[in-house]
Amino acid sequence: MELTESKAGISRRGLLQFAIGSAVAVAAFGPGARIVMAQEGQVLKAINPAFNQDWSPLRGGGVPFRWNSFWNASAMYFNDKGEIQPYVLTEWAPNADFSVWTLKVSPDAKFADGSPITAADVKGSWELSSMPTTKNQRIDQVLSGVAGYAAVKDGTATDISGIVAGEGELVVTLAGPDPIFYQRLANHIAPIVKVSVARGADGNEVADWFLGANGATSGPFMMESADLDSGAVVWVPNPNFFGPAPKLARIELTAVEDNVTATEMLKSGKYQAHTELVTSTIVLDLGADFAAGPTIPTSQHFWFNASRAPMDDPKVREALILAVDRDGLIKASFPDGPHQKTDTVMNSVPGEDDASFTPFPYDPEAAKAALAASTYGGPEKLPKLMFVGISSPANEAAAQYIAEQWRQVLGISAVDMKPQQDQYSGPDQNAIQIFRDDVGTRVPDAASYLAGSIASGSGNAQGKMGGYKNDAVDALIAEALALPADDPNRSAKAQEAQRIFRDDFMFIPWYKQTMSRWATANVSGMEKNLDWQVFAPWNVSIS
Amino acid sequence: MFAHILRRLIVWVPSVLLVMLGVYALAFYGAGDPIKLIFLRAPGDVAYDPVKIEAIRAEAGLDRPFLVQFFSYIWNLMQGNFGNSLTSGRSVWAMVSAAAPVSAALGLMTIVVTALVAVPLGMIAGMRQNSRLDYFILGTAVALWAIPAYVAGPLLMVLLLMILPDGAVPYGWGGIFSVKILLPLIVLSFQPIALILRQTRAAVIEVLSEDYVRTARAKGVPEHMVALRHILRPVLTPVVTQLGLIMITIVNGAIFVELVFGLPGLGRLTVQALINNDYPVILAVTLIGSFLVMASNLLVDLLYPLLDPRAADVKGS
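Heads up: the protein sequence lines correspond to chains A and B, in order.
Its first residue numbered 1, the first sequence is counted upward by one per residue in our numbering.
Its first residue numbered 1001, the second sequence is counted upward by one per residue in our numbering.
Don't take every hint at face value.
[Claimed, not checked] From the structure, some residues in chain A lie toward chain B, with a derived Cβ separation under 10 Å: (1) Asn79; (2) Ala147; (3) Ala150; (4) Asp208; (5) Asp422.
Hint data in this document are derived by calculation from the structure and do not stem from the laboratory.
Where is the CB? At the ideal position from N, CA and C, for every residue including glycine.
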């Protein structure tokens, strides 16, 4: 024994035991201790489907946008019933013709660093979101009607001349009357940020201003850290939040790109929420509670490009629509929900129920007759039919179901489908006839819904429908948009426009979207609104 | 030695410039527009505004002619400026310098594990040729070879998530001394182990019939000394070459494993950049990948003389 002892009196075995013991202690009480500390209070562990490199709250879209309400306050917001709620702005009033709006800033509103939110911050945030280099995907929906917005959007100005910031209030002058302008502000597309931090002298966004705890945001939580390379983002409560105190002590977001892994992690209980998990078996895998939520004014359809053969023949379009059993279509794509079949373009807005609207029937005989009456006379001479936007398992299931129906009913066998337009090669890129995509609005308004989906000026009509234009539809939508929000004729005219559009056979209706909670049953308060945001993030808690 | 490294670098620079020109041309003239994609890939209520798109394009300098853009990029690169990502605005250097060490560490650990497992097993299988043990080792190697990483990864992950309590499966990246590296390492090592094992076995069988092995045995040298001194050294030369190639493949392309196990490596970064047509990131990854190929080949070259003195003589001459 003496032979193995060192001069210090410690044996080799003892030294080895000490080393192993130290390693175990470091493993247990080193990094492990931090985990225990983090577990004090309620910690929401959530999964993000991507390693997002850009967490700016000013992008107006993308995956990070779904978390905006947790760490950013907006001008106003809608609750899950579509009722508008004050937030940074507490009052809004139009002039007689709805062309000038006076907006009051809450005197209690503060940034996370404790400084007050001023009218200049609101104006500056909107201008910053409008700058082209900010790349906000949806700022048009908020500010396109404001005088002077176009110059900022095009990069020729940095100041929106139609917005004047005063002491505690803003006066906004619109390019034309808009009775629902106040509703367009109630979202997180352009949240309110501290302009002195977020905006540089050139009017553009300061790089990475939003990363880390700098106090320049205004929501119930604030970003504590963001490791973009490992996909980990952490938020903690904002001590200076001017609304109700958040119930969660911490939110930890981890990037898990693989949907199968993410689903298993949620099932195991290691994580409780997901940013956006879209699979055909979501209800089967994680239960109805996980995917439940209100329907929002967004719907998914298959749009026909009427400028391209054979969709330039209305009889072909009619045949293709009538040949699809849409009850079977929804069963093939979302057999257990959460989304619901729809017959109409617009959904989940006042006026969506239109007793006079005739849904497209499933009528194989009428479909065959329509194809026979077309200039093509039958399936043999039809060019190849190409889908685009088939980018998820549910999309694939739906598109394949439609193709199979066309084969069985009409004898059409030349059908192709791809996720993106640039995946078609050569002339096919400019011959795609069927576009799967959603349309919708961030305001509970039928006229706005149709203005963004079937009016000739909409991106949907110009792009996916190949320059669709029906003067009667355009006129009705324009008339509806000019009416006050509470005028029943506003919805009635929109309904009439939709009925006329229906008879042009331009789309296969698919489903109206449910805005899922994407949270396990033990998480409450994760309900979202039509802006795709958790509308009261301070209420989120874990039982 | 220094002259050899210098010669390699001199050859590498023009070849990598040529590769980058080709990659840039493919990204520039090929399908897809990074600025349009920012808007086109978003759901349908996004306003696609050509005027705004062009304003963003001009700001990013993407409205200039191809060669002007390319040489401007090279000029900036020579000053150490990799530019910013077109889609996220992040510094490309920050992105690549965060991802490359992960991939390099993963690749290095994989070849270490592969070498430690496959070479001894290959030696045993070769020296016990046609025995039950040989068949067992070879059979296992063939079975591992048949499981691609994109099957083994998700299956292992899902299996462990179902077995372990509270989903306590290590996920993400915590460095080479973290338990998180175990699963990706196992999955990544499957095929290289099978490859190196088979190669080692074949080489051992060949070397066993050499005169110097017979002589050593005849002299009464113990079997383990014969294996280590007379058989292993000639076997290792082609194995090291193969390990270098494996490392390059893993560093540049462990895409599925990175995706399944949440590893922020070069493979994932490359795929994302390709999907978004993010030129600056694509070019930076090409540059780094090319450098790694050269560095790996150089490392193998430097190892040869240590394994086989004849290689040093050839280089010296």
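Consistency of the hints with the structure:
With a least beta-carbon distance of about 20 Å to chain B, the hint placing asparagine 79 of chain A at the interface is violated under the 10 Å criterion. Given hint, alanine 147 of chain A at the interface with chain B, is violated; its Cβ is 17 Å from that chain's nearest Cβ, farther than 10 Å. Evaluation of the alanine 150 of chain A hint against chain B yields a held restraint, the C-beta minimum of about 8 Å falling below 10 Å. For aspartate 208 of chain A, the interface hint holds, the least distance from its beta-carbon to any beta-carbon of chain B being 8 Å, beneath 10 Å.
Below 10 Å, beta-carbon pairs count as interface contacts, and aspartate 422 of chain A has one with chain B at about 4 Å; its hint therefore holds.
Of the numbered hints stated above, those contradicted by the structure are hints 1, 2, listed in ascending order.
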